Each structure stands twice: as structure tokens, then as C-alpha cells.
Amino acid sequence: MKRIAEILIKGYQVFSSTREAKCKYYPSCSNYAATAIRRHGLKGFAMAAWRLLRCNPWSHGGVDYVDYELDSADALASMRNTMVSRSSTQGTLKEGVL
Amino acid sequence: MGFILNPLYNIVSGVMVFFHNVFAPLFGADSGVTWSLSIMGLVVLIRIILIPLFVKQIKSQRALTALQPQMKAIQNKYKDDRQKQSEEMMKLYKEHKTNPLASCFPILAQAPIFFALFTVLNGIAAKTDAGVPAPIARGFLKGEYLESAAQAKFFGAKISESFLGTDLLSVKIVTVILILFMSATTFTTQKQLMTKGMPKMDASNNMMLQQQKIMLYLFPLIFAVSGVNFPVGVLIYWSTTNLWTWGQQYYVIKRNPTPGSPAYEELQRKRAHKAKLEGKEITGEATPEVEAPKVEGQRQQPKKAKKKKK
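Chains as they are written, first to last, in the numbering used here: chain A, 58 to 155; chain B, 272 to 581.
What the hints contain is simulated information worked out from the structure, not anything from laboratory work.
None of the values given here were measured: they were computed from a predicted structure.
Glycine residues also receive a C-beta, built at the ideal position from the N, C-alpha and C atoms.
Treat each hint with caution, since some may be false.
Unchecked claim - Ranges between beta-carbon positions, derived for each pair: (1) F102(A) / V315(B): 45 to 55 Å; (2) S135(A) / K362(B): 47 to 57 Å; (3) S135(A) / K348(B): 38 to 48 Å; (4) Y522(B) / D131(A): 36 to 46 Å.
As the list claims (entries may be wrong) - 35 Å max Cα-Cα, derived DSBU-like pairs, lysine-lysine: (5) K100(A) / K467(B); (6) K484(B) / K67(A); (7) K443(B) / K100(A); (8) K545(B) / K67(A); (9) K348(B) / K398(B); (10) K330(B) / K59(A); (11) K79(A) / K398(B); (12) K547(B) / K79(A); (13) K355(B) / K79(A).
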């Protein structure tokens, strides 16, 4: 099920890139949905649906991560720093995070 | 699923039948022209409904010129971290309550319609296992309408046939031409935007430009792969909506271009030239600094004032 959702989202991303319209949130709705579903399963679907409803012409968009403490640029940067200090476990850590 | 899809089928088939009845006295009830026009009518109706959203988006794009310095600063500050750069950019938009991006709504609103049209037209094309045509009625497209639509032709190809679903050469030719047309309209739309519609790029935007260039050459492939599965009627829908997008953008670029874009400069030159011919005072008119607020005045100034209050 997750696999199917992932493929559908990827397909949409390739397809929608032929059009100019883009998401007013960061990360984009499709990226958000992919992360949410991968990480939270069924709850992720609901999160993605709620995000899609918020992404309308009357909202102001903005930064909106699935899990801010895991995905934000600052979180990733601090993660990278700890990984450098523990370089031997870098590979496995990265797998776990992404 | 039915309770979501049935209303969509009703909308799509209802609009088609409505336009069919409008055009039937002109071209004949069973004419392919009538049915093709009813599909185009559906597109035009949807796109007209979406115009206010488009205008809103254009307005917020214009409002961005005021933020230009801050955007530059962000790009410079985080030029090594694209994610951080995007985050800060979004924060800036939000802070100023303006967002140049269209939101996912317009494209997603069209997707169910597109899907419903696809199903309705596929219903028209349905056959039994033995290959005998057995059209399936959906929504208002039933009875005599269904029979008439099943026979309707667009330049000799039935609107219900698809490239892969037929051996008829005429259908293959028409689908290929429609796919080429779709590619051409998307290509020119994108090209026009890139060369004339956008402010001049600096290095940090170049990556985006590069990405768009790649997409530019991917469209025909994407259209070809998906287009061969779609009935001619869906391709008519798609071509029309592409043509509409192109026309809409052409109008905006000609009449109300983004400040800083080549098209904008061209318009400035033209206006200055016109003013000169009319014997007006040229000084001041010709300088962009003075003219810029004048051109956009009625639309932009309320927005600017709001932001300053914030």
C-alpha cells in the first residue's frame, strides 16, 4: 500500500512538473505526503489530506514539515555535525534518518 | 468511491450535454463538431472559473518586487543550503502575506474533472468481450446522447477511441497530431515564460532555469507515453486547456508583464515611444523608476500600503 502511494506521488510529481503551478508550502504537498505516508502510514494519509486542504488560494503557505525536529534544515545540519563526530556510524545513522 | 465519483460524472456529462444542446442547432445533433465543441466548452467553463485565482496569483507575484532586496539577501546568505534557503523564502512570503506560488488547489481541482472525463469517454468506448460496442452510460450522458457521442468523430477519428485501443489509421494519426499539438503548446508556453516572462536570472536562480530547460524537452515524451492511452476526447480536452494556458500567459506577458522581465522592458519602451509620438513630456515618462508605479498603480499600491503598516 505504501509502495503504491509512493509510486502514485512520484508519478504526480513528474507529471505536474510539466505545469507552472507550484505548491505554496515548503516542502511541497507531494513531498510532504510521501514523507508522512512513509513514516506514519495511515495517519500519514490523513496528514497529507489535511495538508492538501490547507494548500488553497486563500492560505499563505509557509514552512510546514511532517516532523520539524527531524526534517528542518537546522535539524539536518545538527544531524550532519553529530555524524561527522561519529563518522564510523555515519552510514547507518543516515539510513535511519532518511 | 461511488458517492464521490457520481457527482463528478454528473457534472462532466451534464456540462457536455448542455453544450451539446447549445451547439446542436448549429452543427447537427450527431455531428462530431458538436461533441468536440462540448468538450472544449467544458474546458473553457473550468478555466473561466479559475481566472480569479490566476489574477490573485499574478497580483501576489507583482507584490514580490517590493521584497526583491530581502530575497536577494536570503539567497546570498544561504547559498550553500538550498533547503534553508527555501525555508527562509517561505517565511518571508508568509510574513508579508503574499505568496507567488499558485497553491496545489487549481491543478488538483482539475484532476478529478479530468479523471471523470476520462471515465465518461471510456464508458462511451466500452466494448463487450466479443468486441461489440456496448457503451456504458454515466451521469447525463445516456440514451440518445450516448449513442450519438459514441459515433461522434473528430477529424475522422471517434472521440472515444484511443491510440492503443484501435487499429484504425485515422485514429492513430489524429492522436499523434493532438499529442504533438499538446507538446508544442506546452513548449511554447514554457519557453515564452522563460525568455520573456521572468525577471532576469542571477546565478542562484540558474539551477531552477536549468531544471525547467530539462523539463522543456521532457514534455513531448511524457505526453506521448500518457497520450497513447487516452481517448481522443480526453486529448481534445487536454489540448484545449493547454491552448488556454498559452493564451492566458501571452495576454499577461503582453499587457501586464512582471516588472524586471524582458517583456516588461519592451512594454516600457513601447509606451515611452507612444508618449513621444503623442507629443507628451518624455522626461520622466521614459524612466522606468517613474513609470513603474504608474503602470501597476491601481493594483499594486494597496498591497504595498498594507505591508508597510505591518
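Consistency of the hints with the structure:
Checked against the hint of 45 to 55 Å, the C-beta distance between F102(A) and V315(B) comes to roughly 35 Å, which is inconsistent with it. Separated by about 19 Å at the C-beta atoms, S135(A) and K362(B) break the suggested range of 47 to 57 Å. Remark: the range hint 38 to 48 Å for S135(A) to K348(B) is contradicted by a beta-carbon distance near 18 Å. Between Y522(B) and D131(A) the CB atoms are about 43 Å apart, so this pair conforms to the stated range of 36 to 46 Å.
The hinted pair formed by K100(A) and K467(B) fails the criterion: a straight-line CA distance of about 44 Å is larger than 35 Å. Note on K484(B) and K67(A): the hinted pairing holds, with a Cα-Cα distance of about 20 Å set against a maximum of 35 Å. Under the criterion of a C-alpha separation no larger than 35 Å, the hint pairing K443(B) with K100(A) is inconsistent with the structure, at around 45 Å. Note on K545(B) and K67(A): the hinted pairing is violated, with a Cα-Cα distance of about 50 Å set against a maximum of 35 Å.
This hinted pair does not check out: K348(B) and K398(B) have alpha carbons roughly 62 Å apart, beyond 35 Å. Restraint check for K330(B) and K59(A): the C-alpha separation of about 39 Å exceeds 35 Å, so the hint is violated. Straight-line distance between C-alpha atoms of K79(A) and K398(B) comes to about 39 Å, which puts the hinted pair past the 35 Å bound. Restraint check for K547(B) and K79(A): the C-alpha separation of about 41 Å exceeds 35 Å, so the hint is violated.
With a C-alpha separation of about 18 Å, the suggested pairing of K355(B) with K79(A) holds against the 35 Å cut-off.
Violation of the numbered hints given earlier is confined to hints 1, 2, 3, 5, 7, 8, 9, 10, 11 and 12; the remaining hints are satisfied by the structure.
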